[in-house]
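Each chain, written out:
Number of protein chains: 2
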Amino acid sequence: MRCRGHKGMIQMINVAVMGYGTVGSGVVELLHVNHDRIARSAGDSVRVKYILDVRDFEDSPYAGLFVKDFAVIENDPEVSVVVETIGGVGVAQEFTRRALAAGKSVVTSNKELVSEHGCELLKIAGEHNVCYLFEASVGGGVPILHPISACLAADDIDEIYGILNGTTNYILTNMFKNGATFDKALGEAQEKGYAERDPSADINGVDTCRKTCILADIAFGRNIAPKYVRTEGIANVSAIDVEHVSTAGASIKLIGRTVRMPDGTIASYTAPHVLTSENLLVNVEGVFNGIVVRGDATGETMFYGKGAGKLPTATAVIADIIETGKTIGTGAFLGWSEAGEEVIGDPDLLESRWYIRANMDFDEAAVRFGQITMLGCDENGAAFITGSMTGIRCAELLEDIEAITVYRVLE
Amino acid sequence: MRCRGHKGMIQMINVAVMGYGTVGSGVVELLHVNHDRIARSAGDSVRVKYILDVRDFEDSPYAGLFVKDFAVIENDPEVSVVVETIGGVGVAQEFTRRALAAGKSVVTSNKELVSEHGCELLKIAGEHNVCYLFEASVGGGVPILHPISACLAADDIDEIYGILNGTTNYILTNMFKNGATFDKALGEAQEKGYAERDPSADINGVDTCRKTCILADIAFGRNIAPKYVRTEGIANVSAIDVEHVSTAGASIKLIGRTVRMPDGTIASYTAPHVLTSENLLVNVEGVFNGIVVRGDATGETMFYGKGAGKLPTATAVIADIIETGKTIGTGAFLGWSEAGEEVIGDPDLLESRWYIRANMDFDEAAVRFGQITMLGCDENGAAFITGSMTGIRCAELLEDIEAITVYRVLE
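Just so you know, the sequences run in chain order A and B. So in the numbering used here, spot 162 of the first sequence is number 162, and the numbers just go up one at a time. So in the numbering used here, spot 278 of the second sequence is number 278, and the numbers just go up one at a time.
Rather than coming from a laboratory, the hints here were simulated on the basis of the structure. Treat the hints with care, as some may be off.
Copies of the same chain look alike in the list, so a pair counts if it works inside one copy or between any two.
List of simulated lysine to any residue pairs, SDA-like, C-alpha gap at most 25 Å [stated by the list, open to error]:
1) 123 - 352
2) 310 - 266
3) 177 - 401
4) 177 - 276
5) 68 - 181
6) 192 - 342
7) 123 - 64
8) 49 - 276
9) 177 - 393
10) 49 - 344
11) 184 - 90
12) 49 - 300
13) 177 - 378
14) 49 - 406
15) 68 - 372
16) 192 - 56
17) 192 - 222
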């Protein structure tokens, strides 16, 4: 006997998957392999009716499902959910618009599209009483968007930050654990398939910036456009900094961070940070992601797991497919208000300690910064950690000085 | 302009809160303070129409809402959700049955009732097409039941374990950090209000056992009754063990753990474990909770946060109130199959290393266990960590020996 008793009206959820790459094929595979468990959670059977891809997959066990013309999906009333794993803007945006306008919910892992045009696409979804969901666009298999919007709905969120990019975290971990140089660590990441042949979007922080924007949109309810988010990558993290930071028992992580400022503006930025051993994310290593949410009611909550990969990301996509069936008609749609520069706060107003390596000796550093924690010095100057101050004050004290490295410290 | 466009039909969600204790009053308070944010997530305004309590609260700002007769709530068709924060079985079970039978969803933080009678109450809920939800019963403010059932729905879960009781974790942390004895640590926990005057349900592991059962029910879809879950508390954790374990850079945590066995049975148990520095939960300290889920698709996912407290727990209750509005009518009800002893697996078949303190010297330990890691010895004997073996094998090797402490090691 089942404890859940009888269900609501039975219906099959017909899904179309657009883009048969890593994530898309993972979704098709998981829907097949874990069909029963998924059906139990969804309350309905979920089946893939079409797979849209420009390429041919004649040897695929799903060969019969492939189509090349989006109109086939767009015009099939049986298809209620479209999975967009094409990536990028362009055609992904066009197909998403048309699918939503055709009254189909769209689920995606496309962080570029969501961070750039999520607000517009959510508006179209709302107008057609369907869902646009993107749990897979942040944190891969780590449930984060849904817990923020649903489980923490009663919580007023003050801050959200995290290690959002597995490639850069793998590189930084390798530099700290094995003393690898940045170039060597990047090379190994590429060999292992953790970094793409063109890793720039990861290395320069663009990927982290996009995810930071999506987290901010959902946590604070206003649209934070990537162009307003100051972004610094990890290409300049040097073996010398790694050595100095290690002596302090700390680590360097690429962090995407958003804080609600006292004046109500929202300060968002992406940059390498020095994390002390007290920080919840200091032990998040390799390709793993970790995200910390600080709210007025729940305090600090942390989410940790595989931030990328075929099956973890596919799991998040499927969670959203199930969610579409539960959300439609309730009016409880995900969404946030459009916003421009006026809501953007200045991260330089945030206080913290700072890791600095600059062309001066400890005496001069002490004269300028007062009490400092000395970490070490070399021919290029001294490395030290300051007391707590704003980024503006820190910059003032470094005026006329050749500062090689300046990283914010997160305790 | 709002991005979410227009909503589904508008309706007010009328809630009745039963039991105006710590959690119940927190729910009323949060629904008031964060009303707008909650309404945005729910898609509807949520208001408290009644508060049921045997006591009088004439000075409360909500004095006008109090009632003493459950029938008032039961017979008011406007009330769609009832929050049960009475606790225990007895009247809480009766009111829950009647509320569900009256077509009202019930949301609770009552782990005793859910672990003992959740299966029956979910059945009643299903028969009346309403929800019985209990996110707040495990992990307090940590979103865990919802992520497992929704976000990880596509994942076949192999194992779930965690630090589920803040009181015992506070005591153990205090013993490790400050060298406090168990009695001293317990006394301080009571002074700080982290432990109740009668802390037995926490100390003897019953609270952790109940939460372990609820996690197992949801993760594996079968009803695991507390009576089948072997439970050992922390009352016997000694300063000597703390000292020996510390020398290994490890820690002792009270863990509730459930593993899917190769034969399909489900092995559930609660006991103190030695966690090595590699374990994700080793740094979960004080009153915090941490839960690890291991699935075939997502790999390891970890959830961390405040496991108890007025507002964190209230946040989880409110998340469920919102969830009821989304779930009804979709057939996607939470639930698991009834099950008896036949699905219960034997934890002693699980392999691991073991921490042992027994009345023997290292030479004898090495003879019996082969390669061991020596931690130290005292007048009562030697403390060491064995290689990997089943609990059955470990017990065989300890036959005829006076073993003082035997804890499983989690890497």
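Results of checking the hints against the structure:
Within a single copy, residue 123 and residue 352 get their C-alpha atoms no closer than 38 Å, and across copies no closer than 53 Å, so neither meets the 25 Å cut-off. In this assembly of identical chains, residue 310 and residue 266 lie within 25 Å of each other by CA distance neither inside one copy nor across copies; the values are 33 Å within and 28 Å between. With identical chains, the CA atoms of residue 177 and residue 401 are never at most 25 Å apart, being 31 Å at best within one copy and 42 Å at best between copies. For the identical chains of this complex, residue 177 and residue 276 are neighbours both inside a copy (16 Å) and across copies (18 Å), given an alpha-carbon limit of 25 Å.
When the C-alpha separation of residue 68 and residue 181 is checked against a cutoff of 25 Å, the pair qualifies neither within a copy, at 45 Å, nor between copies, at 70 Å. Taking the closest pair of Cα atoms, residue 192 and residue 342 never come within 25 Å of each other, the shortest separation being 43 Å inside a single copy and 44 Å across copies. Taking CA atoms no more than 25 Å apart as the test, residue 123 paired with residue 64 passes in neither setting, with 34 Å inside one copy and 40 Å between copies. For the identical chains of this complex, residue 49 and residue 276 are neighbours neither inside a copy (50 Å) nor across copies (47 Å), given an alpha-carbon limit of 25 Å.
Proximity of residue 177 to residue 393 under the C-alpha cut-off of 25 Å is found in neither arrangement, the shortest distances being 33 Å within a copy and 37 Å between copies. For the homomeric pair residue 49 and residue 344, neither the shortest alpha-carbon distance inside one copy (43 Å) nor that between copies (39 Å) is at most 25 Å. In this homomeric assembly, residue 184 and residue 90 never come within 25 Å of each other (Cα to Cα): the closest approach is 35 Å inside a single copy and 65 Å across copies. Taking the closest pair of Cα atoms, residue 49 and residue 300 never come within 25 Å of each other, the shortest separation being 42 Å inside a single copy and 31 Å across copies.
For the identical chains of this complex, residue 177 and residue 378 are intra-copy neighbours only, at 22 Å inside a copy versus 36 Å across copies, given an alpha-carbon limit of 25 Å. Taking the shortest alpha-carbon separations for residue 49 and residue 406, neither the intra-copy value of 53 Å nor the inter-copy value of 54 Å comes in at or below 25 Å. With identical chains, the CA atoms of residue 68 and residue 372 are never at most 25 Å apart, being 63 Å at best within one copy and 62 Å at best between copies. Within a single copy, residue 192 and residue 56 get their C-alpha atoms no closer than 27 Å, and across copies no closer than 66 Å, so neither meets the 25 Å cut-off.
In the homo-oligomer, the alpha carbons of residue 192 and residue 222 never lie at most 25 Å apart, since the shortest distance is 38 Å inside one protomer and 39 Å across protomers.
In summary, the structure is inconsistent with hints 1, 2, 3, 5, 6, 7, 8, 9, 10, 11, 12, 14, 15, 16 and 17 from the numbered list given earlier, while agreeing with the others.
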